[in-house]
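J.: Each chain, written out:
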Amino acid sequence: MARTLAMFTDTSLCIGCRACQVACKQWNELPMEQPEWTGTYQNQRHFTDKTYRLVRFVEQPKPNGDLAWFLMSDVCKHCAQAGCLDACPTGAIYRTEFGTVNINQDVCNGCRYCISSCPFGVVAFNHDTGRASKCTFCNDRIHNGLGPACAKTCPTESIQFGFRDELVPKAQRRVETLKGLGFANAQLYGDDPKGPLGGLNAFFLLLDKPGIYDLPDKPLLPQRNVFVDSLLSIGSALVVGVGAMIAFRERGGRGDDHA
Amino acid sequence: MLKTPDWHMLIVWYFFVGGIAGGAYFTAAIADNFGGARDRGVVRLGYLLALPLIAVCGILLILDLGVPSRFLNMLGAFKFWDPMSIGAWMLGVFGLFAFVSAALSFSASEATIAFRRRFSLVGTITGFFLASYTGVLLSATALPFWSDGRLMGALFLASGASTGMAAISLLLFLSGESAGEGFKKVKHADRFAMVFELILLAVFLALLGSAAAPLTSGQFAPLFWGGLVVAGLLVPLVLDLTGGRVRALGALSAVLVLFGGFILRYVIVMTHA
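Going down the list, the sequences are from chains A and B.
Residue numbering for the first sequence follows the working numbering, starting at 1 and increasing by one per position.
Residue numbering for the second sequence follows the working numbering, starting at 1 and increasing by one per position.
So here's chain B without its partners, still in its complex pose:
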């Protein structure tokens, strides 16, 4: 007879926001290193988005503990085999990378830009970590639905990438910068992440087998199929592929991707709430 951890909306929001922060950061870092001058909007927005979001992550986690100062207890131990312990530390490391990258994103000096590129390339590791470790954290529990799928971390990473890219493209659209090459490229990368996420999701459900029932046929089935699979993945993909040059459709698709990313965390966490 297993027990559930009583994690609710604060943790759902943390998983969601952490995914966006990690995804936005490594997207920006990859654009910084492999893109060109026309992608600088993506680069700057990605770094600038990751910084406040990681602060929000910290606040969400601290609030969840009930007594805020108890967060310090996490810093009294470091267990490299324990996703939550290493996650608590990496939250700070990621914050450091996000801060430095965001601060350096305003510089026009060649040397600073060259340093920022190399620095952010190292930082992508922390971004990938932040987007995926929450899935591994769930799979290292005794609860079958969380632990039998093997791809929870991989799935969270693909979703974090996709929502991070969607958040960047939405901000580009809202700030009137969607006419540029950067918008097209980040949408391109997001399409790729979405297709990969769909594949991972299918394999994940197959690996879960009967343990997938809470998602596929339980109380969250309508949210899962309607909210995530259809509204959060299939519709945005169709919008992106058929919308062509209509940037408003691209922005709508980004909103749907963000919605789907939230639903994914919601149904997975709340199944065991």
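This is chain A alone, in the form it adopts within the complex:
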């Protein structure tokens, strides 16, 4: 495997210009969609099959009654342990040599299992093609020596693209700087390979708790349940099976053996 690539989205630098959202649409030829009223400048409410990059406009009340504005350009996290990838029964969802997670559109058969297996609700169903779709990390671009369109276009370097092992230390330094400037809640999300989902290859610097950005505090891999639930199902099978054996058992041995 090649050196793992990553995107680091530093929300403290985001100005909400949505250049990333537009660049993503242009490069990936994503059509327009019905706008959604979300109560803020944000549009759409969440990722769709036509929106892979989405700028979130989060308004939080301050003690003095004003609103604090948190801006965040959100994207597929390309998890090191990806629920969508593990759920995919066709192998259409695969990990590239750069560590990103991609959906092979020719192989996807539209079962939609990955959609509810993403801890972030990223994967969307495309009703026109009948297949699942999500951010590709601009798979075509990174295989030709270019960064993803969103990172390339970001005018404030809020979205940075590079090798993961170079971006993480940079992000850690940035958090310290921000804390020194008084942003007490500044924190990294998804930088730690020992953390939830083995770390996220698209990781973030947040200015407050993950929850305000609609991110789960501790995202979990859905497949963690398979082992225990299977054992409990086997237990259930034993109980039901023994019950049926007792019901059908011939008292005084098997009588007539001819069926």
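Simulated from the structure, these hints should not be mistaken for laboratory data.
All the pointers check out, no bait thrown in.
Here are some of the chain B residues that sit facing chain A, going by a computed Cβ distance under 8 Å:
#  : residue
1  : Met1
2  : Lys3
3  : Phe71
4  : Asn73
5  : Ala77
6  : Lys79
7  : Asp82
8  : Ser139
9  : Ala142
10 : Ser147
11 : Leu151
12 : Ala154
13 : Ala193
14 : Phe196
Positions of the beta carbon are idealized from the N, C-alpha and C atoms, including for glycine.
For chain A, the structure is supplied; the task is to place chain B on it using the hints.
T.: Coordinates of chain B only, in the frame set by chain A:
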């Protein structure tokens, strides 16, 4: 912010029919191996029921994909940790067992019957799998209502057993074979499965805690309490326990069990539709 998979009635029907197919098959196989000659009606009906039902299952799943030929894509991968991947393969394996068992259920030769018994005993594993893996499949998602209960697979299995047994007893009644010992035994086994299902359901709701709200107090609460718990479990149990020798009541109870089994799949799948 999580997304739901957009699964609707085709999947509800698949979960329901798959449960009956698995339940009917392992009930027949257990009757074949541990019962006697008087249970042969149960054995034959169970095998013969599982075969067309598993075909229906395949059709339902293929229709759900929109483009039927895309089902073949499932066969390009095998992931043993992925309920849907292993499920797609096991559908075929179960079909093979159901076909052979059903074909051999007509034979009167001693050797064939002995082979069928051993073969079907192995097949019970695929029957148990088919009845339960759909629950494990739901619990391996990110949606709390589907994934926080731990007993979804166990519950689907008990329900699959119960609906499979109910389907067999109903067919015995309709074909005029309910006077025999087999009818009594399959009802006995069904009562046991129903009581176990009630216990599992209670523990399941307790484990879900607040995540159980869609069932216990949400839009599907009337269907859940009225359709599944009362009409689908408590009433058939009371009918079976008090109905005594009235076979029509036994058949009515089987109809209610089937109804309850459908409601269980319906409320669980449609909560996230």
